[in-house]
Every structure is written in structure tokens, then in C-alpha cells.
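Asks: If you read the sequences in order, they're chains A and B. Read in order, the letters of the first sequence are residues 1 to 281 in the working numbering. Read in order, the letters of the second sequence are residues 1 to 131 in the working numbering.
Keep in mind that the hints are not guaranteed to be accurate.
To be verified - Calculated cross-link-like contacts (lysine-lysine; reagent style BS3-like; alpha-carbon spacing at most 27 Å):
{"id": "1", "chain 1": "B", "residue 1": "K28", "chain 2": "A", "residue 2": "K117"}
{"id": "2", "chain 1": "B", "residue 1": "K79", "chain 2": "A", "residue 2": "K118"}
{"id": "3", "chain 1": "B", "residue 1": "K28", "chain 2": "B", "residue 2": "K79"}
{"id": "4", "chain 1": "A", "residue 1": "K258", "chain 2": "A", "residue 2": "K175"}
{"id": "5", "chain 1": "B", "residue 1": "K79", "chain 2": "B", "residue 2": "K100"}
{"id": "6", "chain 1": "B", "residue 1": "K99", "chain 2": "B", "residue 2": "K28"}
{"id": "7", "chain 1": "B", "residue 1": "K79", "chain 2": "B", "residue 2": "K99"}
{"id": "8", "chain 1": "A", "residue 1": "K129", "chain 2": "A", "residue 2": "K118"}
{"id": "9", "chain 1": "B", "residue 1": "K100", "chain 2": "A", "residue 2": "K259"}
Said to hold, decoys possible - According to the in silico footprint, chain B covers these stretches of chain A (three or more CB under 8 Å from chain B):
{"id": "10", "segment": "119 to 133"}
{"id": "11", "segment": "137 to 144"}
{"id": "12", "segment": "148 to 154"}
{"id": "13", "segment": "215 to 224"}
Claimed, not checked - Quick list of the computed label-pair ranges, beta carbon to beta carbon:
{"id": "14", "chain 1": "B", "residue 1": "E75", "chain 2": "A", "residue 2": "H34", "range": "55 to 63 Å"}
{"id": "15", "chain 1": "B", "residue 1": "S39", "chain 2": "A", "residue 2": "S27", "range": "57 to 65 Å"}
{"id": "16", "chain 1": "B", "residue 1": "K99", "chain 2": "A", "residue 2": "P37", "range": "50 to 58 Å"}
{"id": "17", "chain 1": "B", "residue 1": "G68", "chain 2": "A", "residue 2": "M262", "range": "42 to 50 Å"}
{"id": "18", "chain 1": "A", "residue 1": "M1", "chain 2": "B", "residue 2": "N85", "range": "53 to 61 Å"}
{"id": "19", "chain 1": "B", "residue 1": "E44", "chain 2": "A", "residue 2": "K129", "range": "31 to 39 Å"}
The hints are simulated quantities; they were obtained by calculation from the structure and are not laboratory data. Bear in mind that the values here come from a model prediction, so they are computed numbers and not experimental data. Backbone N, C-alpha and C fix where the C-beta goes; we use that ideal spot for every residue, glycine too.
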Amino acid sequence: MTPITATIDFSVNDRVRSIKRLIEQASIIENRTHGQPILIDLRKCQYLGPDAVAILGAMLTHAGETSPIEILPPEGPPELRNFFRASGLYDFTRKKNTYQDDYLFDPGFVLSLTQVKKASFQAADPIMKMLHHFGALNDEQEESLRVCVNEVIQNVQDHANSPVGAIMTARFMRKDAEVRVAIVDRGVGVRTSLSSRYSDMTPENVMQRVLGGNYSALSRINNKGLGLSLLASIIGSLNGDLFLLSENSTAEIRRGSKKAFMRLTSGFRGTCVFFTLPVGA
Amino acid sequence: MDHTPENIRIRAIDQMDAEGSLVRSGMKLAESVLGHLESGDQVEINLEGVKGASSSYFNVFLRRIEEGCGIGVFERQCKMVFSSNIQRMVYERSYESLKKGGPKSNETVDPAVPHQSVISRLIHAIMSLGK
Numbered sequence: 001m002t003p004i005t006a007t008i009d010f011s012v013n014d015r016v017r018s019i020k021r022l023i024e025q026a027s028i029i030e031n032r033t034h035g036q037p038i039l040i041d042l043r044k045c046q047y048l049g050p051d052a053v054a055i056l057g058a059m060l061t062h063a064g065e066t067s068p069i070e071i072l073p074p075e076g077p078p079e080l081r082n083f084f085r086a087s088g089l090y091d092f093t094r095k096k097n098t099y100q101d102d103y104l105f106d107p108g109f110v111l112s113l114t115q116v117k118k119a120s121f122q123a124a125d126p127i128m129k130m131l132h133h134f135g136a137l138n139d140e141q142e143e144s145l146r147v148c149v150n151e152v153i154q155n156v157q158d159h160a161n162s163p164v165g166a167i168m169t170a171r172f173m174r175k176d177a178e179v180r181v182a183i184v185d186r187g188v189g190v191r192t193s194l195s196s197r198y199s200d201m202t203p204e205n206v207m208q209r210v211l212g213g214n215y216s217a218l219s220r221i222n223n224k225g226l227g228l229s230l231l232a233s234i235i236g237s238l239n240g241d242l243f244l245l246s247e248n249s250t251a252e253i254r255r256g257s258k259k260a261f262m263r264l265t266s267g268f269r270g271t272c273v274f275f276t277l278p279v280g281a
Numbered sequence: 001m002d003h004t005p006e007n008i009r010i011r012a013i014d015q016m017d018a019e020g021s022l023v024r025s026g027m028k029l030a031e032s033v034l035g036h037l038e039s040g041d042q043v044e045i046n047l048e049g050v051k052g053a054s055s056s057y058f059n060v061f062l063r064r065i066e067e068g069c070g071i072g073v074f075e076r077q078c079k080m081v082f083s084s085n086i087q088r089m090v091y092e093r094s095y096e097s098l099k100k101g102g103p104k105s106n107e108t109v110d111p112a113v114p115h116q117s118v119i120s121r122l123i124h125a126i127m128s129l130g131k
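Chain A with its partners taken away, still in its complex shape:
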């Protein structure tokens, strides 16, 4: 059977534009017939970060339940190729032994794609292990990071009904003294979840509301609508960045800037949470 091919070739570094383009390009695989092979062509791709890797990882983990997948690796700069290799996307490539390193990249800097199905105190352990390996974390930073991860994973478990749970990856940027975390699910999305309880949720207002707090689908007795607002508070107080994308809505909080909200024309089935926190002394 002829594979359905998604060519990922964006090169911009602006996050919203990058992610929007990635989703548009990758969404073609949603049109496949049952069992039709998937080919992801990353050869012309000039940018990959934990956000893009987590989106592709979540889409492919879900699609991989019914279709065989192959990825053509990026041919860009060595750092990009080696990040791809460390990210876990490499496992989808056919020729696993012929992808040569020509750049010394410590894979310990990257948490490869990790599937998390249950909210627990251990959910952030893989990220902690990576950061402790480099001695890059004090107690307060660890607590912040653990709470942020746990809030997101608990949301996925309680509200998303995601067939793949949460797909998580992270990258330690030693030069910038920060960790970049991406958690993506393929669930119903924030607005759809909240619409069962709030009739006036729109793509324009949903993110502003959830970041303000006290909006919850009340799917479980432990829900109070605090998770995403806490996430924003913690990240904001530590001078980190936060980017949320769910269905057709995005929210971005960048250090030193106002919150920005945007509606996308082509949305994403599920929710993406990307955040950056400073680590190190």
C-alpha cells in the first residue's frame, strides 16, 4: 500500500508559527485509510525542539496503533540530527544502524519520548534523573518542576481521555541554564472538556479563563480548576515561558511580556503544554 507522506520542512524559530506549520503538515496523516503506512519526511526540516518532537511523538504513537510508520531523518546541521537521534523519534526510522554521528552530542541532555499514563508523584522522575545527572537542580527548582509536570499529567488523566495518555519529552539547555519540557496528549482538548460544564466557552476565551483559574470540568473530586493557573503562576514567578495549544486555541506567556492568546484556523486534536524553567545555581 502506498504510504501517506507528511513532509515537515519548516525552518522558522518563532514558536507559534513553527508549531502551527508543523501541525498543518503532520495532520495529513489523519487522512490515511486504515492500515495505510505513514512516511514522515524530515529531511528538509531545519528546526526540532522538544515541542515539535512531543507533537510528532504523540501523533505517531496514536497513529502507530493502526499504521506502520517510518521517518526520514533530518539532513540539517549535526546538532539537529543528533537531537533527533536522542529524542526518541529516531526509533521510528527504518535503518537504525546507518545514521552516523558526526557531532558529539550527549544524549543525557535529552529525555527521549516517554509515555505517561498515570498521574503520580513519580511522573517527573525521568526529567529529574536527567537534570540531576548534570547537577543542574536545587530543591526549589525541583519542586517547581515536579509540581508543573504533575499538574499537567493530572489534567490529562482526569479530563483528556487521551488514547495515548501523555507523551513527554524534555531537553536540558546547559548554555541557557534552563530545561524545556513538552507534554502532549491526543485527548478531547480543553475547550471540549470544559464545554460540558460551561456553555459559553469559545476558542477565544478558553485559555484566558483556565489560566485565570477556577474553571473546571469537575471530572473528578480532586478538581478545582487550579492546575493550569498554578502552572502559569509558578512559571511566571520563576521567569520561565509557557505555551499552551489545545484544539484551536493557544496561549503564550513569555518572560517579561504580556500573555498572548491566539485562535488557530487548523487546530490540534488534543493539548500541548510546553514550558521552560530556569535551572542551575
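Based on these hints, arrange chain B on the given structure of chain A.
Replies: Chain B alone, transformed into the frame defined by chain A:
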């Protein structure tokens, strides 16, 4: 038999769920505290060593205590000991939310059903038909 109130110290780290569930750990901590509060004891709840306690952890803990003893018991008989500023912030957000009565609602919500899961809404709707 009369009970002389005591000063009790409970370590949250000793009340963790075996699988690490945040929600079940919060519930387990509440259950370990409730009996003492009902007896009039002063309880110090020490959270040292508990890493990554989320709002869900504190929500179920606070809610269970409130159900058993009322919200006033937190100020009368509980002393929380936190291991970080972040932990304190998460707890305080949960506590404030409890005091305010939880999330916002709108006209689509039946106030008689304060926590509506899909199943509970369905059951409530079916029961309403019979009224």
C-alpha cells in the same frame, strides 16, 4: 471515656499511596489526620520529603477534612509545615478555593450536583426524570 487533647505530629511522607497516586495519597493523609481532629487533638502535618504535591493532592486532603470536621478545623487544630515556598503556594491556592466554594459555575450546571462527572450527571438526569 474522656480524651485529653494531645499534640500530634503526622508526617505526610509516611502516608503516601503505594503506587504514588497524588489523589490517593492526599486521601490517605486526610484519613490519618481525621481521627485526631475529631478527638480534639492539635495536629501538626509535616510535608517535608513530599516532592511535587499538586493541587489535586491538597484538594482531596482538604475536602475530606472539611467533610469530616468542617472548614474551621484548619485554623483551630491544624498546623501545616511546608518544605518549600512552592508547596505552600499550592496548598494556599487549594485552601482558598475550598473556602470560596470551588470553581465558577454557569447556567448549565445544576447546583444540586456539585461535582459532576459524566456518569454522575447521567445518573442525576435519570433520577430527575422520575421526580
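Asks: Which numbered hints does this structure break?
Replies: 2
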